[in-house]
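Got chain A sorted already, so can you dock chain B onto it with the hints?
Number of protein chains: 2
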Amino acid sequence: MKKNEKALVVFSGGQDSTTCLYWALKKFGKGRVFALSFDYGQRHQRELACAKRIAGALKVPHRILKINTFPELGNNSLTGTLRVGNRRGRRGLPNTFVPGRNLIFLTFAAAYAYVRDIRHLVTGVCEADYSGYPDCRRATMKALEKAISLGMEYPVTLHTPLIHKTKAEGIRLLKKLGGLDALACSHTCYNNAYPPCGKCNACVLRARAFKQAGIIDPLLKSKRQEFVKVK
Amino acid sequence: MKKNEKALVVFSGGQDSTTCLYWALKKFGKGRVFALSFDYGQRHQRELACAKRIAGALKVPHRILKINTFPELGNNSLTGTLRVGNRRGRRGLPNTFVPGRNLIFLTFAAAYAYVRDIRHLVTGVCEADYSGYPDCRRATMKALEKAISLGMEYPVTLHTPLIHKTKAEGIRLLKKLGGLDALACSHTCYNNAYPPCGKCNACVLRARAFKQAGIIDPLLKSKRQEFVKVK
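Top to bottom, those sequences are chains A and B. For the first sequence, my numbering assigns the number 17 to the initial residue and increments by one for each residue that follows. For the second sequence, my numbering assigns the number 17 to the initial residue and increments by one for each residue that follows.
Pulled out of the complex, with its shape left as it was, chain A reads as follows (with noise of 0.2 angstroms):
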């Protein structure tokens, strides 16, 4: 990595991605970290509200970009009208699969990054529990990363720390970063719940996490979302 390149962050607001808005911070430093989220009609608008206040803490500058296709698409629980489950869908994947979804994602995100000449995108995706989703894939990132370089000629290098760790090990990792405050500002449910559900897919998830992790969930010690306290 050359010196004082710039990182864009995917960045939902939920664990993962404070994760990695950590991480990038601590790899790239502060002034050089961007972060972008995407408000793509996803039934959990909370997120958003979220990933603004922990960013705007950290003083990383932020964009939500709107994304009105998917709806369109129909079909999963995420955008479409289906009930949040956890049963399974098409071809055996969750409903709340959303097809093409970080590869969309991940590619308006190197577009936003190549008209400010940002070459390195970090995003929170995660293979080890990766909730049956392929576009969390190893394998899927790195064709990706390919087709953007070519498809923009614009080399970008995907980054994705969490890719080979399970959701209690980004979670250590993010105490070690320093960082666990910020989630008691994050979302992750996907019924767009606080305090949430607990019963969908995502908070399921979060809490199997922190109880594997030995840590509690600064989320539901808080009692109204409080604002990140930053170090």
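It is possible that part of the hints are untrue.
What the hints assert, rightly or not - Computed cross-link-like contacts, DSS-like style, restricted to lysine-lysine with a CA-CA straight-line distance of at most 30 angstroms:
no., chain 1, residue 1, chain 2, residue 2
1, A, 22, B, 158
2, A, 158, B, 227
3, A, 43, A, 162
4, A, 18, A, 192
5, A, 215, A, 192
6, A, 162, B, 215
7, B, 43, B, 215
8, B, 18, B, 43
9, B, 227, A, 162
10, B, 162, A, 82
11, A, 19, A, 42
12, B, 227, A, 68
13, A, 158, B, 162
14, B, 162, B, 22
15, A, 158, B, 22
16, A, 19, A, 158
17, A, 227, A, 19
18, A, 237, A, 215
19, A, 22, B, 162
20, A, 181, B, 18
21, B, 215, B, 227
22, A, 82, B, 68
23, A, 82, B, 82
24, A, 162, B, 82
25, A, 43, A, 181
26, A, 158, B, 158
27, B, 227, B, 18
28, A, 215, A, 46
29, A, 46, A, 192
30, B, 162, A, 162
31, B, 158, B, 18
32, B, 227, A, 82
33, A, 43, A, 192
34, A, 162, A, 215
35, B, 158, A, 162
What the hints assert, rightly or not - Residues from chain A that face chain B, not an exhaustive set, calculated with beta carbons under 10 angstroms:
no., residue
36, 78
37, 81
38, 84
39, 89
40, 115
Just so you know, these hints were derived from the structure itself, not from any lab. A virtual CB, placed ideally from N, CA and C, is assigned to each residue, including glycine.
Just chain B now, with coordinates in the frame of chain A:
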């Protein structure tokens, strides 16, 4: 290719994608071809009406998907505020280059295909005289095909029947397929003009191609972008 497979044509309403539509109808058969256009904030909105008319005349189910994200990315003349020009923009590419455009189109097309059990995507990208767009090259398409197939756990084939043809060869192919008349109803001009401005890059390339093919452009003969005559 298995029997009775379906294909989705990414259909802009221009000359190349019209050729692809005829090509797909021949290869996959009537009733098994679908068309998808994108309303992405392009100045040349006229192409969408042209696409609708051509698809309608050929009885091909056609859908226009909206993508509102590109104008927010800025910095190109197709969706932004720059003037369409032949001058080179960022990194030596024309200022009509919208970073990531074809990657995004094909990924959304694949997501659209995913929920409809369509495994074949057809795009009119053309490497031979590709206007300097890196997302029209074979290597990009191969990498993207892999990224999509892995990312959706859904193997798709990207067909690029024009990739190694000059635009003149593409016109001859369309003639052979019996579709030349359809071009009376097509649109190419970046400046959204009818009659075409004749000055933008797209108009210049189209005029040169017809000249090389030794064929008069049906669009220039047509008095008001008349409805395509289907045989």
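To see whether the hints hold, each was checked on the structure:
1. A:22 with B:158: Since the Cα atoms of residue 22 of chain A and residue 158 of chain B sit roughly 29 angstroms apart, the hinted pair holds (cutoff 30 angstroms).
2. A:158 with B:227: This hinted pair is violated, its Cα atoms lying about 43 angstroms apart.
3. A:43 with A:162: Roughly 23 angstroms separates the two Cα atoms, so the pair holds.
4. A:18 with A:192: Measuring from Cα to Cα gives roughly 25 angstroms; hence the hint holds.
5. A:215 with A:192: holds, 28 angstroms
6. A:162 with B:215: The hint is violated at about 35 angstroms.
7. B:43 with B:215: Violated. Residue 43 of chain B to residue 215 of chain B sits at ~35 angstroms, over the 30 angstroms cutoff.
8. B:18 with B:43: holds, 12 angstroms
9. B:227 with A:162: violated, 37 angstroms
10. B:162 with A:82: Roughly 26 angstroms between the alpha carbons, so the hint for residue 162 of chain B and residue 82 of chain A holds.
11. A:19 with A:42: Holds, at roughly 14 angstroms.
12. B:227 with A:68: Cα-Cα ~55 angstroms, so violated.
13. A:158 with B:162: Status holds; Cα separation ~10 angstroms.
14. B:162 with B:22: holds, 19 angstroms
15. A:158 with B:22: holds, 29 angstroms
16. A:19 with A:158: holds, 24 angstroms
17. A:227 with A:19: violated, 39 angstroms
18. A:237 with A:215: holds, 18 angstroms
19. A:22 with B:162: Holds: residue 22 of chain A and residue 162 of chain B sit about 28 angstroms apart, inside 30 angstroms.
20. A:181 with B:18: violated, 40 angstroms
21. B:215 with B:227: Distance of about 15 angstroms is within 30 angstroms: holds.
22. A:82 with B:68: holds, 26 angstroms
23. A:82 with B:82: Holds, because 12 angstroms separates the two Cα atoms, which is no more than 30 angstroms.
24. A:162 with B:82: Within the cut-off at roughly 26 angstroms; holds.
25. A:43 with A:181: holds, 18 angstroms
26. A:158 with B:158: holds, 13 angstroms
27. B:227 with B:18: Given pair residue 227 of chain B, residue 18 of chain B is violated - Cα atoms ~39 angstroms apart, limit 30 angstroms.
28. A:215 with A:46: violated, 37 angstroms
29. A:46 with A:192: holds, 18 angstroms
30. B:162 with A:162: Status holds; Cα separation ~10 angstroms.
31. B:158 with B:18: holds, 21 angstroms
32. B:227 with A:82: violated, 42 angstroms
33. A:43 with A:192: Since the Cα atoms of residue 43 of chain A and residue 192 of chain A sit roughly 14 angstroms apart, the hinted pair holds (cutoff 30 angstroms).
34. A:162 with A:215: violated, 37 angstroms
35. B:158 with A:162: holds, 10 angstroms
36. 78: Hint violated; residue 78 of chain A Cβ to chain B Cβ min 14 angstroms, cut 10 angstroms.
37. 81: holds, 6 angstroms
38. 84: Cβ of residue 84 of chain A sits 5 angstroms from chain B, so the hint holds.
39. 89: Since the shortest Cβ distance to chain B is 5 angstroms, the answer is holds.
40. 115: With Cβ-Cβ at 4 angstroms, under 10 angstroms, it holds.
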